Structures are given as C-alpha cells and as structure tokens.
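Protein chains in written order, with the working numbering: chain A, 2 to 334; chain B, 21 to 427; chain C, 91 to 334.
Keep in mind that the hints were calculated from the coordinates and are not lab data. Please note that the accuracy of each hint is not assured.
Stated by the list, open to error - Here are the simulated DSBU-like pairs of lysine-lysine, each with C-alpha atoms no more than 30 Å apart in a straight line:
1. B:Lys192 <-> B:Lys229
2. B:Lys205 <-> A:Lys136
3. B:Lys375 <-> B:Lys96
4. C:Lys221 <-> C:Lys203
5. B:Lys327 <-> B:Lys94
6. B:Lys254 <-> A:Lys136
7. B:Lys229 <-> A:Lys136
8. B:Lys84 <-> B:Lys96
9. B:Lys387 <-> B:Lys368
10. A:Lys136 <-> B:Lys327
11. B:Lys425 <-> B:Lys390
12. B:Lys254 <-> B:Lys192
13. B:Lys297 <-> A:Lys136
14. A:Lys136 <-> B:Lys390
15. B:Lys205 <-> B:Lys192
16. B:Lys281 <-> B:Lys198
17. B:Lys67 <-> B:Lys425
18. B:Lys425 <-> B:Lys206
19. B:Lys223 <-> B:Lys387
20. B:Lys297 <-> B:Lys223
21. A:Lys136 <-> B:Lys206
Stated by the list, open to error - To spell it out: a stretch of chain A is covered by chain C in this simulated footprint if at least three of its residues, at any positions, have a beta carbon under 8 Å from a beta carbon of chain C; those stretches are:
22. 150 to 164
23. 188 to 202
24. 269 to 278
If you're wondering where the values come from, they're calculated on a predicted model, not measured in any experiment. Built from N, CA and C at the ideal position, the CB exists for glycine as well.
Here is what each chain is made of, one letter per residue.
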Amino acid sequence: MLEVFGRRPYLVLLVMALLLAPVPLLQLNDYILHVLTLFLIFAVFATGWNLTLGILGLKTLGHHAFFAVGAYASAMVSHYFGVSPWITIWLAALIAALTGLLIGFPILRIRSMPHVAIVTLAFAEIVRLVFANLKEITRGELGFWGIPPFDPIQIGETTIRFGLGNAAGSFAVAAIMFVGVHLALLLLLRGRCGLTFLAIRDAEAAAESLGVRLAAWKLFAFAISAAVVGLSGAVYAHYVLILTPTSVAGPEMLISLLAMIIVGGVGRFFGPIYGALLLTVTSELLRDFGDFRMLLYGALIIVFVFAAPAGIAGLKPRFSRKETETRKTVEAV
Amino acid sequence: MSRLSFPALVSAGLLGAALLALPAHAQEEITIGAVGPLTGPAANTGKDHRQGLELAVKDWNDGKGNYVSQNPPKIKLVMEDTSGKPEVAISAAQRLITRENIKMLIGDTLHSHVTLALMELAPQYNLPILSAEPVSSAIADKVLSDEERYQLYWKGNWNSSGYGTAVHDFYKWAFDNKTLDPGDKKIAFVVEDTDYGIANAEKVGELFKADGWTVTSTETVPPATTDFYPQLSKLREAGPDVVVSVFTVANSGIAFVRQLKEQALDTSHLAIYYPTKPEFLQQAADVAEGTYWAALTFSSELNPEHKAFSDRVQAEYGNPGTYSTAHAYCTMEIALRAIDAAGSTDPKAIAEQIKNTDHECVVGRFKFDKDHAVQSGPDFIPVPVAQIQGGKNQIIWPENVATSKPQ
Amino acid sequence: MQRNFLETDRVTVAFGGIVALKDVSLSVVQGKTTAILGPNGAGKTTLFNAVAGAVRPTSGKVYFQGADITNASPSRRCHAGIARTFQITQPFGGLSVRENVMVALAARGVTMKEARAEASTYIDFVGLNAKAEDPARILSTGQRKRLELARALSTHPKLLLLDEVTGGVDRPSIPELLDVIRRLREERGITIVVVEHNMEVLLGLADNAFFLNRGEVVVTGSVEEVADHEAVRRIYLGDADVAA
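Just chain A, with the same shape it has in the complex (with noise of 0.2 Å):
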C-alpha cells in the first residue's frame, strides 16, 4: 500500500491541514478564496472517484452523475422542504451512496473494462436527461435557482455566513469538508477495506481465491465512493446556488475530473488532491495570458502526463536510495 499511500500519509494530511486553517484569517481577495474553495470542492470529488477508478480498479466513467445526484438532492430538499443544508447535504451523500448500489449492481456482472466504461458513461447521461426532463421539480435547463446557503453561524460576537460572496466562510465549510473527508478515508483504506480493494484491482481471480467476496467489496466501494461524490456535489450545491444538468453532469464536467485525477495521479490517494489543485489554480493564474489561456491549460496537461505518466503524487526525487535500489531489483529481475 506504499505507493498508494506515501511513507506518512497522516503527517502529509496533517500539513494540508495546517496550510489550510489560517487561510480564512490571512484576510485574502475574495476572488483567491472562491478558487481555493472551488479546489477544494473538486478535490474531494475527484478522490472519490479515484476510490473507484483508481483504488478499485474499474473504469467507471461516470461520477459526474453522483456529483449531479448530490448536488439536486440535497438543493431541491433544502429548497422544497425548508430543511438545513447542514443537514441534507449528508442525506445526499446518502442518497447518491444508494444510487451508487444501483449501478453498481449491472456493473458486477460485468467483466471487460471497456463496457464498463460505457455503462457508466451512459449512466451519467441518463441522470443528466433525467434532470433535464424532471422541469417540473428541477426546471430542466433553466436551472435550478433558489438553493439557500449554509445557515449562518454564531459564534460570540461574530455570524459566519455562507454562499456566494462570502468567502471565508465558504472556505471554512470546503476545508472542513476536505479535511473530513480524507481523514476518515485514510482510517478506512489504511485497514482492510483498502488491502482488499487493492487485492480486487491488481487480480481479481486471486483475490476472489482467497475468500474475499468480491460482491459485496465492490459494492460497498461503489456506494462510499458515490456518498463523497454526493456529497462534494451538495456542498457545491450550497455554494454555487445554481445547478443546471449539464453544468453538473455534462461531459465537460466528466473531462475536468478526469484530467485532475490522471494529471495527479490514478490510484495515488493524494494525486486527486495535486491535481484539482494543479488544474483549478493554473486555470485561473492563466488568465493573464488572455487569448491563449486555453492553449497553454491544454498544453500544460500534456506536459505533466508525459513528464509524470504516473501522475504528481508518483514523481519520486533522484536522491532517494531505497527507490534507486528498488528500481535496480526491477532491471535484475
């Protein structure tokens, strides 16, 4: 589990932390933290998806529609029902694990990569004409409008708000999210459940061999994989404020995901991280450079896959021995 995880991926997770807590307090443009908060959004999305595409080892191309399924479920509760966010957006997580169980139910029987793959895919268009088409609850195209925000609060003398224009409180929800997140994916796949999920991706037959029930693994990964997404989903839900089908769950949204976990690192547990950071901070620092921003975005992605082909979390520095000799064991070999 060592290249999955790094030598010391609580202490790694631990300085993440601490660079993030005092970025509220550094009392930064709010223009800087909306980018970060965006990245820390997509971060937690895209570590999602690589419990299955890279952990688990099938392509499934088809989060986005978990991300959709959070973002709606956990808006039009909040919306229609007047119930917190703070609240559904944890009933979206659940509601997308669920959704994950659905689909993870055809995918079971299948075998090769490729169908799996198009499942998926044509599953995540099915959400999105589902949402599209559902105008009376969600308003299809037009958008889903009038999604409140985090409630505001409390603490002292002083209310935190949340949403749009408030920026360090948005962040703080981000953080708190991605920090969360991970830590509690790291207790999980540090043990058994990442032993095994990685016995299923590197040899299936083999691992089904030893006892291991693939079923119910897979399953369970689909459904944990898809209550991150879910709830990264609603967490930009309340944030953003607006949800249209396509802008959650159509293909761009599919391509900018899938670039930041290849860029940072399929199957590394922090390469998601490097890349929507990568991804969303390069994006924005680019627009100094007008017309040809999209061309240098494009360019920079080709650069770091075939400068990292095992994305960033896999570059290794020259100077460390026990690679060198690891590598030398290889050519022997």
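We have chain A already, so just place chains B and C on it with the hints.
Below, chains B and C without anything else, positioned relative to chain A:
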C-alpha cells in the same frame, strides 16, 4: 526528505503563486468588467460579444458615443472567459471585482444559467450587473421573487416568452386581416427536446388556447433529428391548421421542411429559430418557399442600419457583424449611458439610470420592464416574423418594419 | 452415500460449441497428492478451474468433503477449505509480499495487527522473509510461485490446487520450490492436487495421477502406473521429449 517532497513543493508553489497575485493598481478611468463564453462550445458567439462590447467602448472613448452628459467618463473594458460554466464565471467575476476594481459587470453575455449564478454577486458586492443576451424567463422570475435583493441586477434582453408572443400576435393579425384562414382552429407542434423547444411550444400553445384553439399534439424529437416521417404521419391524421416547428440545428429544420413539402399537408407552417442560420436558405430555398419564421432580428440584407453596423464590424475585425455583436454593442451603450447619467460610480445611482433607460439602438428600442428585463414587441425590440418569398427572406410582421406583404 | 474427499461426478464443461471436458469423474483421497496430467489443450486447467470455482460445469457435480459445491463461488470454496495457485501467477503487484498474504486473513476477519503477525509464519514457511516488505511486482517468477503458496496457506486450506507449479521457473529454483510443496503435506497435512508438465517433478511429488486427453480421463492409477502406461507414453511423453 520524504518521497512526497516534490508534490508538496509543487503544491506550495501553486498556493504561493495564488496568494501573491497582487491586485492591479487603481485606474483613473472607470473599469467595466464583462464575462462570457470565450472558450468552449459557444466561443463563436462569445467572440461576437467581445467585438460588440469593445467597439462600443472604443466609440465612447473616441468621442463617437451616444452621451448623456457634457463630460462623459473614460472607460476601460476588461473581459474574462467563463467557458460557459457557472463556477468559472464566478471565478472570473470575482477576479474582476478584486483585481480590476470594476464598477459594473456585463454578464453573462450569453448563458442564462450562468447569469442565474452571477446575479447573486450583485447584492454581495454591491455591484451593478447587466446581462447581455440571456433570455430565460427564470431570471425575471428570480428578480420578482426578491426585488430588494436584486435591485442592482438588470437583464439586457427580453424574456424567452417573447418568441411565443410574437408568433401568436402575428397569426392573430393574419387571421384578423384575412391573410390566413384559421379553419378548425387546430395547432400542432414539432419541436426539439430542449428547454428552448418545449418552452416555446408551451408559450405559443397557451396563447392560442386562450383564443379558443385546440393543441392537437406536441411532438418532441431529440436535437439533430433528420427523420420526421413518424411525426408527419401523426400530423396528417390530426389535420392541424397551423404547425409550429422549433429546432436549433439547421439540418433538422432543412429535413423537416423538405419532408413536410413531400407530404403536402394542407397547413400553415411557422419555423422558429433555424431559418436564422444562413445554411437553411442555401439548402432549402426550393422547398421552403412561403414558410413563415421567427425571428428575423438581424438582417444586413433588409435593414440598412444593420448593414451599416455589420460593415463597421467588418472594417474593424474582418468579419461581419451578427445579432450577437449588435446586441452586445447596445448592452454596452446602456451601461455607458447609465454611468454617464449617474455622474458617479455609486451602484444605486447607476441601477436607477439603467431603470430609466429609453434608448434607441441598432437592434431596437431598449426600455426595461418591472421584472428588470428589456421589453420586446413592435414598439421596443421587435421580434419580426419573416416569410421566404422568391428564395429570399422578407419581414412581413410587424407592419411598421415589414419589407413585404405575406403571400 | 460415502464420498471421497474431493470428487467430480461426470463433469462436462462446454464453451459455446467447444467441449473442453467430457464426463470427467475424478476422486481425490485425503492426505494424498494427486496429479492431473495431459498434453496441451487436454482440459487440465479447465478441470482445475471447475474444482476451484472459476468455471461452472455445464453438467455434472463437484463434491468436497461430501458437500455439493458445484455452484459455490470461489470465495465460498475458499472458506470451505479449498485454496489454489495460478498457472500464470497473479500477485497483487501494488501490495508488499506481507500485504499479499494479509489479504486472505483480512477476508477471514482477523484484525490487521494479528494478520500482520500471522503473515510472517507463512512468509517464513515459503522462505520469502527477505522480501517481506518489497512490492510483489518486483519478484521473480519463482518467488511469485512461492508467494502464491504463502497466500494459499494463509487461508488454512484442507485442499490445495497447484496449477503448473514449476512453469516458467528457472531450473535452479525448482528443487527449493518442490521442497516447500512436500513440506505442505508433511508438516501441515494438506491434500494437494497438482497440474504439472514435468514428469520428473511429478514422480517425486505425487501419489496418484489422472491422465486427460481431449477432455476425457484416459488412464487412472498411481503416478508410476500412469507414467508407464502405453497410451500416456505415446501421447504425452513423446510430446514432452520433443518439447525438451
């Protein structure tokens, strides 16, 4: 050092770069921001918007503007890309707000759903926001749901119901002056399965029903469909007096008109949107003769004013102007005149002046309604109905802009 | 009816129109090592997979310790006491050797801490201590075969199915590997079914043998009898001599 040090360095570097990006120093002139889809599927339209906005600012700064005061302020325009996504549009707008210190935002220039997100920024940042081409009536609904909150937001285009009203009013006019025969008062729709298609069908149907008509059927087909025989055989059975079709893909429209002609249905046909595409007339002129369509909002062939504008764009940028270029130009003019009239950059004063706008521009007369949207109709922004006559487009309604009589 | 430790009762396996096994009945006695022999394409691996659960018979039954396991999943067979190795080794490449062995223990519900400790026993047994913390991806073929033995051992098997144990292994490593297999039976009392090409290896390893040709059992008996059988010599040893 641990093996994670390299990724950590990359991350730290990126964070650092993001944090150190300093705001640009204040400008003497007034900066207006704009956000629109400069990349992605709608990039073509976004490019037109940029040209229109830039041209209006250029004219204004060069002393060729349509000024309100004697001493108009100098304006700087900064436009950012949204890629057509709401969250990216918010990044772009917040960058403009914090780094360019903009006093007003034009946005979104195209997408309604992006506008629904952007308008939240008006109360949060106390910033006047004027959207350009978005038409969704959801935007106006949102304004009406909380007028106090959205007092700084204005919508520079008419509501999506504008098409429906125009189609209904045209037919009513044609029936009243006996150009067309209402027959058994039956209407049918063949529309693409998008909000655009369905919303138009619903609006037209609703208005016709109020006049005692029956809607015999509303057939929806996936976008880009080219086989309409199943739908046409249903129409043959129902025998409607008016058929309205809505497609955004020209090929669908061409196929529909061709197959409708083959089936020789005895009905009046009105097409929405697809005849605005030049390739429609190029490929279907033989079968489309006599087809009514909406809306011929911009035509350099028929309208000398449109031609003059298009030629200016051609001279400036090397491509002809479109409705989008012209509309963006007009939207910017409204913004410039409001700032000029307000005499300051006070957001409330600017919003008040936008509200008071009554401005004649190349695409029509801009006047805002109570729902903060520009009004459409013969007296405001015309939504003209055209007919293909002798292989050419002619405006036949409303009468005050008509270039020909219906045939 | 009293059944043998492992029995297949007229097992037929057909893939589309191709019949890979035809009415194969085989029985394995507890505590003995049984070899399945046959030329390439005889159906050895298919039979093996039918016992391990990776292939479902088209008709016929499979019994283990008297219970019908014909339709049990591989993981259920594992819990019943059947373990296997693979002809083409299937290590969990991204996991260390120790973690590879821990997978089955975790599946049985042992805590991670206990699993880590227990894994050492099996790694010791197959002699991979020096490699315990290395990723399985970098092991040589012989080491991978031993890793699979350790993994199989960690399931506490009663029956161990070994598919081509010496296949692809360099000659100097073979005796060491065979020694491990012999100790499995002697020290742990595990019943072994082995598919193997190398007759020399088999004579030193197996008690009984079944000879398969074109999906059918041709000869049965002690491994020496089968090796000496005329049909076997004609079909198989000739084949092997040519190959050697």
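Given pair status - Lys203 of chain C, Lys221 of chain C, alpha carbons within 30 Å: 19 Å, holds
Holds or violated: Lys223 of chain B to Lys387 of chain B, with C-alpha atoms at most 30 Å apart: Answer holds: Lys223 of chain B to Lys387 of chain B is near 23 Å, not above 30 Å.
30 Å Cα cutoff - pair Lys136 of chain A, Lys327 of chain B: 40 Å, violated
Distance restraint between Lys229 of chain B and Lys136 of chain A, which requires alpha-carbon spacing of 30 Å or less: 22 Å, holds
Given pair status - Lys425 of chain B, Lys67 of chain B, alpha carbons within 30 Å: 36 Å, violated
Agreement of Lys281 of chain B and Lys198 of chain B with the hint, judged by alpha carbon distance not exceeding 30 Å: 24 Å, holds
Agreement of Lys375 of chain B and Lys96 of chain B with the hint, judged by alpha carbon distance not exceeding 30 Å: Roughly 23 Å separates the two Cα atoms, so the pair holds.
Restraint status (C-alpha distance of Lys136 of chain A to Lys390 of chain B at most 30 Å): Given that 30 Å is the threshold and the Cα spacing comes to 26 Å, the pair holds.
Assertion that chain C covers the segment 150 to 164 of chain A - criterion: three or more residues, beta-carbon distance below 8 Å: violated (count 0)
Straight-line alpha-carbon gap Lys136 of chain A to Lys206 of chain B, limit 30 Å: With a Cα-Cα distance of about 26 Å, the restraint between Lys136 of chain A and Lys206 of chain B holds, given a limit of 30 Å.
Pair hint outcome, Lys254 of chain B versus Lys136 of chain A [Cα-Cα no greater than 30 Å]: 26 Å, holds
Pairwise hint evaluation, Lys94 of chain B against Lys327 of chain B, where the allowed Cα distance is 30 Å at most: 28 Å, holds
This entry does not satisfy hints 10, 11, 17, 22 and 24, going by the numbered hints stated previously.
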